[in-house]
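**Student:** The residues making up each chain are set out below.
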Amino acid sequence: MNVNRKQKQQQLNRNNQPFLEVRSVSFSYDEKITGRTLNSVSFFVNKGERIALLGHNGSGKSTLTKILGGLLEPDEGACFIDGVDINKMDFQDLRRKIGMVFQDPENQIVAAMVEDDVAFAPENQGLPSEEIQLRVDIALKEADLLHKKDAPVSALSGGEKQRTALAGVLAADVECLILDEPMAMLDPKSRLRIEKVLRFIHGEGMTILQITHQIETENFDDIQRVLVLSKGQIIWQGKTQEFWDKAEELGFELPDELKIKKFFNRLGVRGEGLEIFSEKNFSVPAKLKNNSEIKNHETKFNIKNLSFKYDEKNFALKNLDTEIFSGSWLSIIGHTGSGKSTLVQHLNALYKIQSGEIFFDAQKLPQKGEEVHALRQRVGLVFQHPEDQLFSPTVREELAFAPKNAGLKNSKLDEAVLFGLECVGLGKNFLERNPLALSGGERRLVAIASVLSTRPECIVLDEPLAGLDASYQKKILEMLKNLRNSGTTIITITHNLDTALKFSDRILILRNGEKIKEGSPDEVIEEIMNVLEPESWPDVLRVSAEIRKINKNFPLLYDYQEFIKCFSQI
Amino acid sequence: MFLSDINLGQYVPTGSIIHKLDPRAKLFSLIFIISAIFPAKNFFQLAFWAALLAVIVHASKISWRILLKSSRPVFFLVAFTFIFNLIAAYFSSDLSTAVYRAFFTSIRLIVLMLFAIMLPLTTAPLELADGLDYLLRPLAKIGFPAHECSMMIGMALRFIPLLMQETDKIIKAQLSRGARLDQGNLFQKVMAFFPVLIPLFIIIFRRADEIATAMEARGYDGGSGRTRRKPLVWKFNDTASVIISGISAGIFFVL
Chain A
1 MNVNRKQKQQ QLNRNNQPFL EVRSVSFSYD EKITGRTLNS VSFFVNKGER
51 IALLGHNGSG KSTLTKILGG LLEPDEGACF IDGVDINKMD FQDLRRKIGM
101 VFQDPENQIV AAMVEDDVAF APENQGLPSE EIQLRVDIAL KEADLLHKKD
151 APVSALSGGE KQRTALAGVL AADVECLILD EPMAMLDPKS RLRIEKVLRF
201 IHGEGMTILQ ITHQIETENF DDIQRVLVLS KGQIIWQGKT QEFWDKAEEL
251 GFELPDELKI KKFFNRLGVR GEGLEIFSEK NFSVPAKLKN NSEIKNHETK
301 FNIKNLSFKY DEKNFALKNL DTEIFSGSWL SIIGHTGSGK STLVQHLNAL
351 YKIQSGEIFF DAQKLPQKGE EVHALRQRVG LVFQHPEDQL FSPTVREELA
401 FAPKNAGLKN SKLDEAVLFG LECVGLGKNF LERNPLALSG GERRLVAIAS
451 VLSTRPECIV LDEPLAGLDA SYQKKILEML KNLRNSGTTI ITITHNLDTA
501 LKFSDRILIL RNGEKIKEGS PDEVIEEIMN VLEPESWPDV LRVSAEIRKI
551 NKNFPLLYDY QEFIKCFSQI
Chain B
571 MFLSDINLGQ YVPTGSIIHK LDPRAKLFSL IFIISAIFPA KNFFQLAFWA
621 ALLAVIVHAS KISWRILLKS SRPVFFLVAF TFIFNLIAAY FSSDLSTAVY
671 RAFFTSIRLI VLMLFAIMLP LTTAPLELAD GLDYLLRPLA KIGFPAHECS
721 MMIGMALRFI PLLMQETDKI IKAQLSRGAR LDQGNLFQKV MAFFPVLIPL
771 FIIIFRRADE IATAMEARGY DGGSGRTRRK PLVWKFNDTA SVIISGISAG
821 IFFVL
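Residue numbers (the numbering used here), protein chains in the order written: chain A, 1 to 570; chain B, 571 to 825.
Hints were generated in silico from the structure; no laboratory data involved.
Model, not experiment: these values are computed from the prediction.
Yeah, the Cβ is synthetic: ideal placement off N, Cα and C, and Gly gets one too.
Treat the hints with care, since some could be wrong.
[As the list claims (entries may be wrong)] Far from chain A by the CB rule (all over 10 Å, computed), these chain B residues:
1. M683
2. I817
3. G820
[Claimed, not checked] Simulated crosslink set (PhoX-like; lysine-lysine; CA at most 20 Å straight-line):
4. A:K149 to B:K590
5. A:K97 to A:K66
6. B:K742 to A:K404
7. A:K475 to A:K428
8. A:K404 to B:K759
9. A:K309 to B:K611
10. A:K313 to B:K639
Hey, can you work out the whole structure from these sequences and the hints?
**Tutor:** Okay, here's the thing in structure tokens:
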């Protein structure tokens with residue numbers, strides 16, 4: 001199969017026709033209401049190229065993906081593969097040209113066992129059994145999954161599931177892969193493994209078009225061209241190197257790693273040549289403070305010797321002792337399965353205490369009856385992807401649900417609704433709109449507002465930034481910062497160390513249900529580096545740690561501004 | 571209260587002799603066995619089927635703990651049947667016969683359900699779909715969507731645990747927003763479940779849509795033209811299992 005790919009590539013390079021061409025494609029779901037989702041989009045992809053198509057939430061990316069895969073027909077214009085209109089191509093022929101990988105691996109896997117799932121596409125092509133098995137074996141090898149061949153899908157990690165989905169597409173022996181946010185739901189380590197697979201198959205001649213809302217440094221070295229989609233139109237295209245200079249203008253934040261690279265270039269440091277810093281004296285800058293001091297060190301939650309088990313054998317939480325300060329922002333970090341979610345679901349009595357004690361404002365945390373309902377007004381809990389829990393026909397009713405349950409009526413109720421709306425910065429014009437018709441980011445804001453409308457003293461959020469583009473991430477961080485400054489206690493669970501370090505007052509590190517350490521970001525940074533792998537460290541921290549290895553003078557930093565100040569005397 | 575540890579009929583791969591049986595053989599055997607248990611009249615007959623069940627469970631290498639956990643929702647049905655039978659029987663005869671009748675009916679239902687649950691527990695969803703597809707093929711000739719129905723059942727089984735997790739999460743989220751799911755009269759209780767049911771349906775439709783898209787993108791175009799990595803092959807064991815269950819069922823019919 002590998003040889004085949006290279007041969008095909010060489011054949012096609014001889015005639016100069018692009019592999020995939022999009023000619024002035026327009027599309028609208030309902031032109032009167034939403035306008036055009038895509039407006040005269042044109043671009044091409046050459047055989048064997050690797051291209052990134054960047055766009056924020058709501059730019060029309062997903063629609064374009066479906067059109068490219070022949071799953072939607074454009075209103076105007078057309079897509080061509082090797083000069084043939086894909087909407088006129090035979091169904092199976094098209095499926096052998098283009099494979100697609102989507103964001104959520106759960107929604108792509110059809111079988112219960114890894115091998116059976118990977119076999120699905122070649123089975124659909126009607127191949128003989130031996131050939132199907134051969135395809136499956138090759139695809140599993142390419143996706144680095146041979147060791148999981150006989151495993152049930154339910155026993156895989158998120159990253160392994162996504163690689164199974166990828167293998168499932170590779171087994172179709174396609175010439176081009178279209179990836180729609182394939183990394184969005186994965187942790188940094190799994191992303192790197194997927195990236196390794198993509199690099200390998202690209203090397204084997206696969207054409208890859210990756211559609212994404214964020215720039216991921218781990219793969220940009222391999223990407224040859226960048227297209228930027230905004231409001232249904234291609235607003236920029238060019239080489240990856242040229243994109244870096246334009247990125248901020250186009251509304252994309254540069255990753256810190258790249259900023260550092262540029263900065264070092266200016267200093268005259270090339271590549272991995274950090275040795276030149278070994279003899280230097282660095283000026284250690286004063287800490288830039290993002291947050292005001294916590295006003296008083298009153299304890300909001302006092303957790304004593306808390307243990308919890310889902311089954312007889314394993315502890316989800318083990319002898320946990322910690323305090324959460326009133327009016328502070330606490331980030332809880334740790335691997336999947338470290339007990340983060342179990343812990344926070346104790347705080348509003350969703351989980352009953354099995355052993356140990358929790359004090360809330362010095363009172364024992366209620367465990368049943370009306371008191372629990374009262375507690376849930378005071379401690380708001382926002383789950384991961386809270387937009388999935390919306391159910392009302394209007395935003396107003398959605399925001400009124402919690403305060404109504406708390407017994408508010410009439411003008412008090414209206415006040416509560418407006419308070420929630422104001423907290424998340426949405427205008428009154430949203431009140432009568434249907435939550436389901438809003439964009440993903442807006443839905444997230446409405447969902448958070450629907451918890452804030454009871455004016456909780458403490459709000460707990462599980463991965464509040466997951467899946468959002470940079471502008472909505474910023475909005476939510478700003479909102480939480482304001483809430484914190486007005487005295488609300490904030491607790492967030494996050495994989496995103498960068499924001500945890502920059503925004504929170506305190507960080508609690510958990511591992512296998514046990515507390516490793518709790519303290520201010522600077523107090524816990526070394527433990528973070530012990531518990532979590534370098535892939536998930538902020539870029540600045542990773543580079544600081546590198547320099548610190550050869551020069552003990554250099555501080556461990558995570559903020560870019562502080563980082564460059566260290567070099568002010570050089 | 572929370573549902574995610576219920577895994578109704580989820581495939582448990584152990585690679586046992588029962589797992590390796592042809593899904594069609596398992597379906598045939600199950601049909602024989604069930605049609606014999608339904609008219610069972612005394613505890614002796616039930617004891618025989620319970621013993622056969624024990625042999626099959628042992629051979630499948632699936633632990634009783636998993637089997638019972640997987641069939642937990644069924645026990646609600648059994649409890650309901652027990653009470654209903656008790657009431658119905660009480661009005662027609664004396665109490666001791668009524669208790670006996672209710673007890674007998676419940677045991678019969680338990681044995682029946684456990685047999686039925688062993689099928690998805692020992693057969694991967696797509697394999698089961700293949701088997702069903704095959705058995706329903708005669709109906710396809712008169713226009714019944716046999717392949718589509720089989721595929722739907724297979725996919726539904728595959729997504730049960732995910733939907734349980736989603737339901738769990740939605741219930742917790744609405745409880746956190748002060749929903750009172752367990753208070754008030756029946757009407758209020760039913761109304762209180764709308765905030766759970768509406769998001770659940772939205773999620774189900776969205777998932778179904780995404781899965782359909784992903785399947786189409788992998789060249790799935792209905793059943794025609796599809797081949798199998800491991801085509802269904804009828805082996806000696808399959809014939810044996812059908813004959814054993816068929817003869818056992820036949821004997822009890824004659825008796």
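**Student:** Now tell me if each hint is right for this structure.
**Tutor:** Now the hints, each set against the structure:
no.	hint	verdict
1	M683	22 Å, holds
2	I817	32 Å, holds
3	G820	34 Å, holds
4	A:K149 to B:K590	17 Å, holds
5	A:K97 to A:K66	15 Å, holds
6	B:K742 to A:K404	18 Å, holds
7	A:K475 to A:K428	17 Å, holds
8	A:K404 to B:K759	16 Å, holds
9	A:K309 to B:K611	45 Å, violated
10	A:K313 to B:K639	17 Å, holds
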